[in-house]
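Asks: The lines below spell out each chain.
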Amino acid sequence: MTDDDLEQRLRSHYRAIDPGFAPPMVGRRVAAALEQRASRPMPRSRLNRAYAGLMAAVVVGAIGLTVGLTLGLQPGGFLGQPGSPSTAPLAPTMPQSPSPGVPSSLGPTTSPTQLPAGPDIEAGAMVDALHGWAVTNGRLWVTADGGATWRDATPPSGFAVASAGYLLGVAFADAQHGWAAFNEAFTSPSDASYGRVDVWRTADGGQTWTKTQLPKARFAVFGELMPRVQFDVLDATHVFAFQSGNGAKGKNDSDLFWTADGGGTWSADRPTGSGSVGIEGSIAFATAMDGVVVNTWHGAGISVTQDGGRTWTDAAWPASAAVSAGGQGSFGQPVFFGGRTGLMTFLPDGLVDTPVYRTTDAGSSWAPSATIPAGVTAVSFLDLQRWIAISGTEVFRTTDGGQTWAHSPAAGLPGIPGSFLMTDAQRGSALASMGDCGVIKSRCNTRTGLYATVDGGSTWTQLWPK
Amino acid sequence: MANEGAPPLTADEAIRRMLLTRVDDAFRLAAFILGDAVAAEDLVQEAALLAWDRRRSLRDARAADGWFTQILVNLCRDELRRRARRPRLVALDPAVGHGTATTPAPASDLAPAIARLTADEQTLLALRFGRQLTIPEIAGQLDIPEGTVKSRLHATLQHLRAAVDAERRAEERVR
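Protein chains in written order, with the working numbering: chain A, 9 to 474; chain B, 67 to 241.
In short, the hints are calculated from the structure, not lab data.
Note that the Cβ used here is the ideal one computed from N, Cα and C, for glycine as well.
Treat the hints with care, since some could be wrong.
Short derived list, chain A residues pointing at chain B, Cβ under 10 Å [what the hints assert, rightly or not]:
1. Met9
2. Ala24
3. Gly28
4. Gly35
5. Arg37
6. Glu43
7. Arg435
8. Val462
9. Asp463
Restricting the straight-line Cα-Cα distance to at most 20 Å, the calculated cross-link-like pairs of lysine to any residue (SDA-like) are [stated by the list, open to error]:
10. B:Lys216 to A:Ser198
11. B:Lys216 to B:Pro202
12. B:Lys216 to A:Asp12
Computed footprint of chain A on chain B, listed as stretches where at least three residues anywhere in the stretch have a Cβ under 8 Å from a Cβ of chain A [to be verified]:
13. 92-101
14. 105-112
15. 176-188
16. 221-230
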């Protein structure tokens, strides 16, 4: 039997089993199932394998966003999630399962330049007034002059390996310390590297990088479709890496890893469940022991751990009026201050006020604290009292934990930011869509821009594209 | 383009509509991969719900079709893997005097040989020869390089050839 014969037989085989159009009942079943599912509260980022930048912001609400913005720049989703700027003493170092580091490699040393032309900026944020990072056109770029010029800081074998160099996540703790996760190169599923994750770390702002391999994940074993890695940075040496959502399996599962030495070694996998009943969502740790995963399918959508992710329970959370009434919504990224106290938004769909919830027990229970004005889609918590929110055309500020708000015009943003971070009361950055894709269509000119403010959000300068 | 001039859809509504318009294609593809139209109906519904749940993970609206197809293909592969792990149910047929599989009769003489392949290999064949996708299209659907598609396709055809031989030898033994 020649190859042509075999291929001909294959075509005949599939013609024989071609069912043609789906029976009408299938469409009706799908429509009914979607309608039923849509009536449930929506775990927003349960499946977002977020690029986890160091972001002390919570981006809220997809209210009124266009498809292009919402899908391309999911608030708090694909783009950087807030970190947890905890100042609490960390728990004792947990047992580590050594994962030997790979000898250090020099990263690219190209001269600073403007960000290159590319299809889009995928993720990025300013870390402080001068330093920031951005992923665009398949490369990782850093700036040390407030975005005027950028230097290619892509890890040595990162994007360069077209067959496997998929970037799974990026985070920076400060201008010097950063991490980038890639799935490891492989040529076939039988390779030892198949389904493995490399984490490159830098302690000099991307000048040099060192590679470490994450211990083998329990569930995330399909190398072609590795889940994103969400880094949750407690400080420059204490970091969680969370792989949530395994597209290849179609079931709930997630894998958690922990480092106490800046990424030199990582703990063994701490799967959030057995089989396919793990907890997916977005992590936020208050300490090395206390943390939450939000937008899960468990309980009210928040799972909490007090042992570094080894065991999880459902957190207590009072449903908002919107959810009680059958509406949809999702949680924003929790941000912790002082170890056990934290804030989190709940994002109801629709033009209603966004409630802010507060915890004083590291996420085990949450209580309503305040609301953000209707139509405001992004908020950055500087601390428990000082919050700054952006609607796209206005900036809102509170200094009393949301009890009173002052607002003024905001200029320079093309629209509602999809990601928003204030590093202090004056300086911050945002990613916003510069186009408008109102519907899903093949020709959509939406582009994402990186913007910065130095006056508390009143005026914004476009850093990318130039 | 049809909606230009109309008020913009919400993101969720756009996703919902996209999923509903993809039912026919998804059903056909799932049937090709699974070789089973009834199972394909369930898979399409499961895939639509999964896509709905994961709609926030879609980064580019332009990639919505491929994104949904990828979810569907992954579910199909999972189903094939589950089937591979399950023991085949065999009912004794006293009239014949030996075991007869309760699974439906194969639609073509290649079906038993295809069933011997791995889930990934069966998926690849369905995409290439059932759905008749090009190599670049398959690479896009599976999110793997074109070269990998080619090499896997080559290996899959070799495995299929061996499986056809194995099936033929098995039939000869029964006779």
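Asks: Per the CB criterion, is A:Met9 less than 10 Å away from chain B?
Replies: Cβ of A:Met9 sits 7 Å from chain B, so the hint holds.
Asks: Three residues or more, CB to CB closer than 8 Å: is that satisfied between the stretch 92-101 of chain B and chain A?
Replies: With 6 residues close enough to chain A, the hint holds.
Asks: For the stretch 221-230 of chain B, does the count of residues with a C-beta closer than 8 Å to a C-beta of chain A reach 3?
Replies: Coverage by chain A holds here, the residue count being 4 at a Cβ distance below 8 Å.
Asks: Using 10 Å as the Cβ threshold, decide whether A:Glu43 counts as touching chain B.
Replies: holds, 8 Å
Asks: Need the status of pair B:Lys216, A:Asp12: alpha-carbon distance at most 20 Å?
Replies: holds, 16 Å
Asks: Minimum Cβ distance from A:Arg435 to chain B below 10 Å?
Replies: violated, 27 Å
Asks: When the nearest CB of chain B is found for A:Gly35, is that gap smaller than 10 Å?
Replies: With Cβ-Cβ at 5 Å, under 10 Å, it holds.
Asks: Can the restraint linking B:Lys216 and A:Ser198 be considered satisfied, given a maximum Cα separation of 20 Å?
Replies: It holds: about 17 Å lies between the C-alpha atoms, which stays within 20 Å.
Asks: Under the criterion of a CB-CB separation shorter than 10 Å, is A:Asp463 in contact with chain B as hinted?
Replies: This hint is violated: A:Asp463 lies away from chain B, its Cβ roughly 31 Å from the closest one there, beyond 10 Å.
Asks: Checking C-beta pairs, does the stretch 105-112 of chain B have three or more residues closer than 8 Å to chain A?
Replies: holds (count 5)
Asks: Quick check on the hint: A:Arg37 CB to chain B CB, less than 10 Å?
Replies: holds, 5 Å
Asks: The hint names A:Ala24 as touching chain B; please verify it with the least Cβ-Cβ distance against 10 Å.
Replies: At 5 Å from the nearest chain B Cβ, A:Ala24 passes the 10 Å test, so the hint holds.
Violated hints, in rising order: 7, 8, 9; the structure is consistent with all others.
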